[in-house]
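Visitor: One-letter residues, chain by chain:
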Amino acid sequence: MTLVPTFTEDVSTLESDGFGTRSLTWWGVIGFMVIEAVGFALLFAAYFFLMSHEQSWAPQPWHPPDLLAGTLFTIVIVLSEIPNTFAKKAALRLDLEAERRLLPWVIGFGVVLLVIRGFEFNSLNIFWYDNAYGSVLWAILLMHTVHLATDFGDTFVLWRLIETPHGQQKRRFVDTEENALYWRFVWGSWLPCYVLIYWLPRFFQ
Amino acid sequence: MSTGTLLRDGPDLTGPKLESALNFTWSRPRGLIGWLSSVDHKEIGARYIVTALIFLALAGAMALHMRLQLMLPGNRVMSAELYNTSFTMHGTTMMFLFAVPVMQGVQIYLTPLMVGTRNMAFPRLTAFSYYVYLGGGLFLWTCHFLGFGPDDGWFNYVPLSGPQYGIGKHSDVWAQTVTFTEVAALAVAVALTTTVLKQRAPGMTLARMPLFVWATLVTSLMVIFSMPAVELDSMLLLSDRLVGTQFFNPAEHGDPLLWQHLFWFFGHPEVYIIFLPATGFISEIVTTFSRRSMFAYPIVVLALVATGILAFGLWVHHMFATGLPRVGYSFYTAASIAVSIPTGLQIFCWIATIWQGRPRFEVPFLYIIAFLFTFVIGGLSGVIIAAVPLDLQLHDTYFIVAHFHYVLIGGAVFPLLGAITYWYPKLTGRMMSPVLGKISFWMIFLGFQLAFFPMHISGILGMPRRVYTYPAGMGLELPNMLSTIGAFAVGMAVLLFVLNLIISFGGEEAGDNPWDAASLEWATSSPPPGYNFAHVPAVESRTPLWDNRDHLPVVYGLKVEERELLLTTLVSAASETREPSATPSIWPFISALALGVVFVCSVFSPWAILFGVVPLAIALIAWFWPKKPEPSEEAVIA
Amino acid sequence: MSFSGFQTMLGGDALESSNFLTLFTVFMVVCTVMYLLVVGALLIGLWRSRSDREPLTVESGRHHETAPAFRTALIGWTALTFIGLTALTIASFFTDRSNASVAENPRLTLKITGKQWWWDVEYTTQDASRTIRTANEIHLPVGVPVEVSLQASDVIHSLWIPNLAGKQDLIPGRVTDIQLLPRKIGTYRGQCAEFCGIQHTHMALDVTVESKADFEKWVAAQQRVAFAPTTPLQLAGYRYFTTRECSACHNVTGTPASGTVGPDLTHFASRRSIGAGTLPMNTGNLYGWVADPQSQKPGNHMPTIGLEPNDLHAVVAYLETLK
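Chains as they are written, first to last, in the working numbering: chain A, 1 to 205; chain B, 1 to 638; chain C, 1 to 323.
These aren't lab readings, by the way, just hints derived from the structure by calculation.
One should not assume that every hint holds.
Keeping only pairs whose Cα atoms sit at most 30 Å apart, straight-line, the calculated DSBU-like set for lysine-lysine is [claimed, not checked]:
| # | chain 1 | residue 1 | chain 2 | residue 2 |
| --- | --- | --- | --- | --- |
| 1 | A | Lys89 | B | Lys17 |
| 2 | C | Lys111 | C | Lys323 |
| 3 | B | Lys17 | B | Lys438 |
| 4 | C | Lys212 | C | Lys184 |
| 5 | B | Lys17 | B | Lys627 |
| 6 | C | Lys111 | C | Lys212 |
| 7 | A | Lys170 | A | Lys89 |
| 8 | A | Lys170 | B | Lys438 |
| 9 | B | Lys169 | A | Lys170 |
Since the model is a prediction, treat every value here as computed from it, not as a measurement.
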């Protein structure tokens, strides 16, 4: 550097690895959440575009999806926010023991959800190849399942990670906190999916 | 916290001693593995740029081939089949493999330097994105050479590209190329956005950000909001083709227009994703060569943001001929015309800056003048086709071909060539030859006009686009002949430009700041060291190097033996936290490879997605799993 | 303002295309003025910067300063572009209103179906037996508003007859429409304007705008069944055509040939071109087309059968009777 430096501020005393907006990865998570939210929104737009051509929705003579599995899934995924919130709070107060206790609960919920999800595909009353209505229902459900499975995998790996000595690093608490944030996106994005898959085909028959 | 024992930069550790320590920390292993493991934004950015230029050359050669075919009516240089493949490959390559990646490449290279940080956010993700992009390009061109490249046009309309009429793998290749490139572009956009928002040098408030950085921020956000649309669209198409969904099949409640809406929801912003970085180049070059700050900086920023937002409301103007409700026509026209107001404001500000300054007519500046002469024609022909009654005639003719080449070449490639000439000394430490530069400049500028201006005429005289030949007697002979001559002149000039790029590696030494420019990238050496800046600069104005002529205010206290970044606050860029920066890793490359295998195989069987996830997941876990507890990790629990 | 040319936007041969010319001229004038303003300002700016005045540059330390006149000019420029663009939008609105007026009371309706790579044309009337079916050509009476209903049976096409009107897409699963009000007698050419596959280039349409009397004559001729063959050669051609490959795809009304896959050939020889505008209609081209359509229009859906020379002579002789 040919320009002579003049020293102004000492940054060595600043905190390292902040939470929330102070963390780079938090911004990365938000970025990808926006991308995926746009993806969901566009798929919903495609749903309404296809729906707008129809006299009835579900189109005759198809029956709307059965409610049981989807409703059960919705209840369970909302309940999963309880261990998720506790895990997030544990991360924020840097409580590793609590984290190690709570993440298995989140994972347990994930397992239950994935099982119910299997039954959901079975309750749509239509296949993806039958018509565009069927295609779009399957697409929404599948797109959400990809998110569910991905975050389930993430959480599992994170749990294994904090069970190692790496869990003591502050970085891992930040990771846990951001994982909890992403889980909120997973269940938050489900709620409109639930309405579109299960309820609109009932209302507009 | 036990931080006292660590080496940190500062008044006690500066100069060569600091630099050699930082060099060690920020270096990567040698050899092929080391090369593939690089997470240096400068290396990745340069790879993006070089790769994109190679694709430009391929697609450009294809254009020349097509111009030979169109030189004469009823010509038989190319078969219909080859011509259709060629214009599809030309458009797909230019849009997805050249224009967006080259702009992102320059952004990856320059943004961290311009905001005064040591590396960009998520450097491994950025490295991953490069390999994904490269994979997409190799996939497309390999399939093309094997005879099943796409052939339905770069916007791949259904049903022509659908399961019933798009026979063979052509259309799957197109869709999967898009998946590759958009995954890459989205990853880069997230990394760039984060870099701009959180890693600006202390004091570089939003209001002091270089305009190129503003353009980077706006385009990255546009990528985030628009590219999911084409990603989704190509997935719906693939699922129609591979597993029999019915999204676009009108016989089964689907609709071919769904394709067009989703495509153009991405496709129109895409144009601005290419153009806005170019406006960033222009603002930087105009400032430097006019020797003064940008006139009405806040207006330019507002114009950038307004363009970015308006771009999302215009997609329908690509679909005027599909039978939209007539009551909406005037609204679509007004909306499409409105986008020219912010662009007009930017043009005013550039001219006002030049007017009040004292321009130096170096090659980069010449390209900016050429830009103004050319782009304004494209902008005004854009106003013409925004009017529905005019567009219904001009749509899908050579007038449109002329329009978008004026906008994209005049509006983005001219500034890009200027930018390459301008920043070449920063990348290489050498100046490009101004003599060769000026010769190729004039040939490109004049050749371009000769190639593309007559296309307005051939369009008006009734020549639709995407025809492999045309009948004699319609008056199309002369304009087509001129276009072909002009195209070859441009081709020669580009060769000369590339020659200049190569021989200038041995050119005159540049020094840190050869143009006496004002922004931070010129405060470090050319080429910059792996760590970019020995001390993180502190910024006090919009033109830091002009307002402190002999010294550079810096902050200090970052780790020297580990990669560490300084994060600052969102708006006012006050120092906030420190954060480690990723070290070189081979796993992004392996992950990209695993993802590439999934994408390629899924063209042939949807089961590939299911089986391909396993190696991909393993690679990703290996990527993110910390390798060893670093000795200096600031463990919070003893 | 009008130019000769059978496929040009400058023809102005119908209401919409002459409206186009007027509006296009208005836009060109406004845009040219805008362009000259921008380029003029740039050139003056570049020239002034070489003068002696002290510029506001980094050399003088005044690089952050701005002459106040530029702020005023910026406001003026914004106002000017705003007014200019608003005026253009309004002009566009009125043109559109004028174009829409044709739609109000059409006196002739026809239906065009786009197929890879030809146009199926049907003139619909109340009396189904008087419906005309033809291909790759339309005839229109001058001065009569026409409503054209558009469909596509395979992929998206776009009907574009620049001398008469702008384009309109034909989209599978939808019915779109376009209105024409031809004002000048003449022969024009239309072409598909949306890429539709390998032979998109050769998907043209011959358009004849004629006096009402001539149009009536044409309609009457089209409503007749096909002429019967008279010479032995024609008869041989007729036999080949109606019993072999040809009739699987083509219809000739009044004969057993009733295929619907390819163009209706009942009055084929009265048309101006072969293969949707690929070749002008004449005996030589007819030989070329029937003998080897794949080399004339590679990739089109009519196979090269490889007729024996005798059969070829006969089929061509028969086709030439289909006036």
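Visitor: Does each hint fit the structure? Answer for all of them.
Guide: Each hint, compared with the structure:
1. Lys89/A - Lys17/B: Since the Cα atoms of lysine 89/A and lysine 17/B sit roughly 44 Å apart, the hinted pair is violated (cutoff 30 Å).
2. Lys111/C - Lys323/C: holds (22 Å)
3. Lys17/B - Lys438/B: violated (42 Å)
4. Lys212/C - Lys184/C: Answer holds: lysine 212/C to lysine 184/C is near 12 Å, not above 30 Å.
5. Lys17/B - Lys627/B: holds (29 Å)
6. Lys111/C - Lys212/C: Holds, at about 20 Å.
7. Lys170/A - Lys89/A: holds (14 Å)
8. Lys170/A - Lys438/B: Since the Cα atoms of lysine 170/A and lysine 438/B sit roughly 56 Å apart, the hinted pair is violated (cutoff 30 Å).
9. Lys169/B - Lys170/A: Violated, at roughly 49 Å.
Hint compliance for this structure: hints 1, 3, 8 and 9 are broken, all remaining hints hold.
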